[in-house]
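Asker: The lines below spell out each chain.
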Amino acid sequence: MYPPSFEYIRPGTISEAVALLGQYGDDAKILSGGQSLIPMMKLRIARPAWLIDIGRIPGLAHIKEEGGYLKIGGLVREADLETSDLIRSKFPIIHDTARVIADPLVRNLATVGGNLAHGDPANDHPATMLALEAKAVATGPRGEREIPITDFFVSFFTTALAHDEILTEIRIPIPPPRSAGAYFKLERKVGDFATAAVAIQLTLNEDGTCKRAGIGLTNVGPTPLKARQAEDFLRGKKLDAPTIDQAAQLAADAADPSSDLRGPAEYKKGLVKEFVRRGLRRAMERAEGRK
Amino acid sequence: MAKTQRIRVTLNGAKHELDVEPRLLLVHMIREMPGMTGTHVGCDTTSCGACTVLLDGRPIKSCTLFAVQADGSEILTVEGLIRDGKLHPLQQAFHEEHGLQCGFCTPGMLMSTCALLQKNPNPTEEEIRWGISGNLCRCTGYQNIVKAVQNAAGKMQKEVAA
Amino acid sequence: MMHQTSPEIGGMGHSIKRKEDARLIQGKGHYVDDVHLPRMVHGHMIRSPYAHARLKSINIEAAMKLPGVLAVITGADLAKANLAWMPTLFHDKQMVLATDKVLFQAQEVAFVVAEDRYTAADAAELVAVEYEELPVLVDPHKALDPGAPILREDRGEKTNHIFHWEVGDEQATQKTLQDAPVRAKVDAVFQRCHPAPLETCGCVADYDPIMKHLTVWLTSQAPHAHRTLFAIVGGIPEQNIRVISPDIGGGFGNKVPIYPGYVCAVVASLTLGRPVKWIETRSENLQSTGFARDYHMTAEIAADKDGTVKALSVKTLADHGAFNAAAQPSKFPAGLFSICTGSYDFANSFCEVDGVYTNKAPGGIAYRCSFRVTEAAYLIERAMDVLAMELKTDPAELRLKNFIPPDKFPYKSPLGWSYDSGDYPAAMNKALEMVGYRELRKEQEEKRKKGELMGVGISSFTEIVGAGPGHTFDIVGIKMFDSCEIRIHPTGKAIARLGTKSQGQGHETTFPQIIAQELGIPASDITLEEGDTDTAPYGLGTYASRSTPVAGGATAIAARKIRDKAKKIAAHLLEVSEADLEWEPGKFYVKGAPSKAKTIQEIAFAAYTNLPPGMEAGLEAVDYYDPPNLTFPFGTYICVVDIDKGTGEIRVRRFVAVDDCGNIINPMIVEGQIHGGLTEGLGIAFMQLISYDENGNVQGGNFMDYLVPTAVETPHWETGKTCTPSPHHPIGAKGVGESPNVGSPAAFVNAVVDALSHLGVRHIDMPVTPWKVWQILKEKGITS
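Protein chains in written order, with this note's numbering: chain D, 1 to 291; chain P, 1 to 162; chain U, 1 to 784.
In case anyone wonders, no lab produced these hints; they're calculated from the structure. Treat the hints with care, since some could be wrong.
[Stated by the list, open to error] A few chain P residues that face chain D, going by a derived Cβ cut-off under 10 angstroms, partial list only:
no.: 1; residue: 14
no.: 2; residue: 15
no.: 3; residue: 22
no.: 4; residue: 55
no.: 5; residue: 59
Since this is a predicted model, take the numbers as computed values, not measurements. A virtual CB, placed ideally from N, CA and C, is assigned to each residue, including glycine.
Assemble the whole structure, with the sequences as input and the hints as a guide.
Answerer: If you want it as structure tokens, here you go:
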């Protein structure tokens, strides 16, 4: 309940923040929304000697379309993502996702950047970004670099960010026409992490067959997962019930959940299967709804 | 021990300057100020919402924010809802609809619902339940809290219309 | 005969808004953690990470060097004052701080005192404790195995067996079972859960070394009993102890036991001569304070082919954790569990319970349980549904057939209880009508043809509350009376004090309503106080739904004593004899001449200014009420669920609750209690579990995994009532706070089982989670 001591510094720019990360090395952590880090500090599981608060650095809270991408700044609060008209109207998969992260109070502080950079397979945005094949923008001492989201989640609580890099933006390629997605999550109650969750992003051909499918899985492995076999299987196919079923099974096979208080591994795989089915159907409905 | 830092906050409209350790949680900073024990602590895993206050107008869990992060911000707590001796319509409504029993979750509920009605003056029952889903209550079963929010929404719309 | 009072007077039956709200809605409640005293310091408990281990050494050197640290108290320190162990509320003792070994994960090992809480937490990390792990026992079914580790070396008998208790006629019951044409059996576990009030437990202990006086602000549901125990155990003269239970943020039985943190804070204050505050964290609350339930039960019903029940046999294994700290009346090791024949007319019954120790936190009696009535009601209501399935008969019909008929009250149950009154068919029929039962069954039939899953679950519970008559009920020897003291002021206003202690039940509003009913003084003119042992009359506190039955009785009787004196004064003022006077709430008037009257206010004034010769001044009374019997609230709850075949998720479509608690003081408050208790029942039925892995590591020990329903999971509750007054209670009231928690778990579980009964499912243990449902559907080949 009572965190251990630390030194606190609030740099005015990202470059300053990056320099501080370089200076303090492993003794320092970035404080963004703090909704994952502070609970860990209160339990004394995380004990950084230095906290670098980037929460008020300007220029990182944008949600905009630019150059063929939807660009979301790393400091966008989940609540703002949830209520953004742009997101609700054009990227409902992201709205679906944001609204089930934690609870409404936590969403007022939690940031998109934090949700991704924490490396927790139980967080929700990773699966959605995997489905959308987003690019993470990492800002470090040598400037910006783009990391494909498929390379971003390395292992349990470990991302491709170097210690002195900060996730400053996530870029989602604006999907072509006849595209839509959905996010389905089962939680034991509001505020819990997913027992399992599935993100589906679909692009349809003119004839209604699948042009491209992106499938991301939450909390069913040591990292967020991309169900590649299922995605490959769907390409070019008519999305009838047997096809959907088979894709769902392939995605479930890709999942590697543990049995825990949320349920047995078999159940979580079952949920993946069911949610891929529902996600594909919902994405199709949405994709066909926009001509 | 880390050196303290000076922060400036506006709490219920009054400006304060304090020297705090960086690790001091905002809820503890608030509770240690004279007469400011209305904001409560109910858990240690950011799960219950008893500590909800408005930070620059947004309802947040004050147990999961360091006081230093609130430097320069405006904080509204339950003690700040009353204006010129007049209860906030939500406070009045909670009383009328029996929206509280032990009262421990009530300050947090009031702050959450205050922000909810500011953003959504005429919420449906579903929106209310969703809006207070970060605030736990063990006594009321939420039903009369929902009624209280609907009651307050009605009162506040009449005020606007008047 | 009860007069109907006006809304201005606000007697029985008025939904008066609450007095306590004013301070609570403004954040001006006064909870224990709000107490700030000059020179106050803070305690932090160091706890064992191991479930079973020898304590080898404790090194406090490094901790004591930390600036701001004032003391680290260990079991060895307490042992010098004979305080390392303390008596529990039930014929056992428990460690305050461990000396030789620890018996459950999170058990108290040392107590740090520092200037502030953050420093205390830092110091706690610097205390070096060495343990030697011992084999762990977490399965109660293994507690009596020959090779099981013996946990309680301090006890004479080297066994994990605590008690065997039985009641009823074993022979007759067994014979009836053997001869029965129909037998239905169910093994039902009522899982370990926790009341988790939103405010955790804590205290501020303030010892004044000059006056040698101890004041303890305490999260206590029973302040007087706690004061007496502090005196006996601590050796401090009782007149020098004041326990103040201020605003309490929920109790639900969690705040009845005395916890090691309280004792340590008192000792620290005595040692340091400064106020010591100790407030536990939520994790500490869930992992070390009084848990609830953990009953492993088997029920078997013998019935005729036509569904008439004949006998009930019950056998239970009770897991009490490391110490028997069950807070229940001293003659009842299994509480009031023998209410398990419930609402049904069994000719014979036999019930036996065996309690065992395990490496888990102590407790068992908590969470709105009425002393194990929750376990009993759950068991019989599950068993009746299993019988209905066995007989292929409708569960509502089966219940109606077997209810104790209204004309059989007072009813003597085969396990020894005398039910005061009841009309079970009335509550059931009302619930069936409210929910539209026939239509629901038709809908279910249609849905089953389409492969859709919906269920209807019924629970027709009978509660037993209001402990209790002195001849049978005491807690650690103190009889379970309760009290009320009323004093009327010259201007006709009043103050009343009770031996109970509200934790949200609204006593400041409801008890004045009883007085208003009896005396006609407006409830708003009556101040109600509880919780300060220096001023309130002695009582056993608020839990087990006993306040209205017991303290409510005392309140009515005390008010009537005042009315008796008032009558004499009125006779004096009106210059008539008492026999010439009639009463209506608020005044005495002369028979046949109603304008010749004196109001209670005029009488009150006269009690100080114009008394009959020889009469003492004042207008006050106190009553210590020894109830002649318990009371038996009851009801029928009906739950409708729909099940998502793809995920196993359960959605409560409707929940109808018809309660009968006799005469109601404040309908608004009763309805609020029902809403809250049903929500707790929902959590218990579907979400809550405190479990331990094989090494005794607690799972579900914080709010991330011990799940409290939010407003989103909680459905809309539909409430109704019938009214069957208690014939023996002064105001015919029965108490109701725990009924929803008693009656609802079975309704929820019965609904889910009912949804799956056509697939052959008979029982699912709580918490009934989506994954359990999904696994059943998968087994049956029914997942979508």
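Asker: For every hint, state whether the structure bears it out.
Answerer: For each hint, the structure was consulted:
Annotation: interface hint on residue 14 of chain P violated; nearest CB of chain D at approximately 23 angstroms, more than 10 angstroms. Taking 10 angstroms as the C-beta cut-off, the interface hint given for residue 15 of chain P is violated, the closest approach to chain D being about 19 angstroms. Checking residue 22 of chain P against chain D: minimum C-beta separation of about 4 angstroms stays under 10 angstroms; hint holds. Hint status for residue 55 of chain P: holds, given a least beta-carbon distance of 8 angstroms to chain D, under 10 angstroms.
Hint status for residue 59 of chain P: holds, given a least beta-carbon distance of 6 angstroms to chain D, under 10 angstroms.
The structure shown violates the earlier hints numbered 1 and 2.
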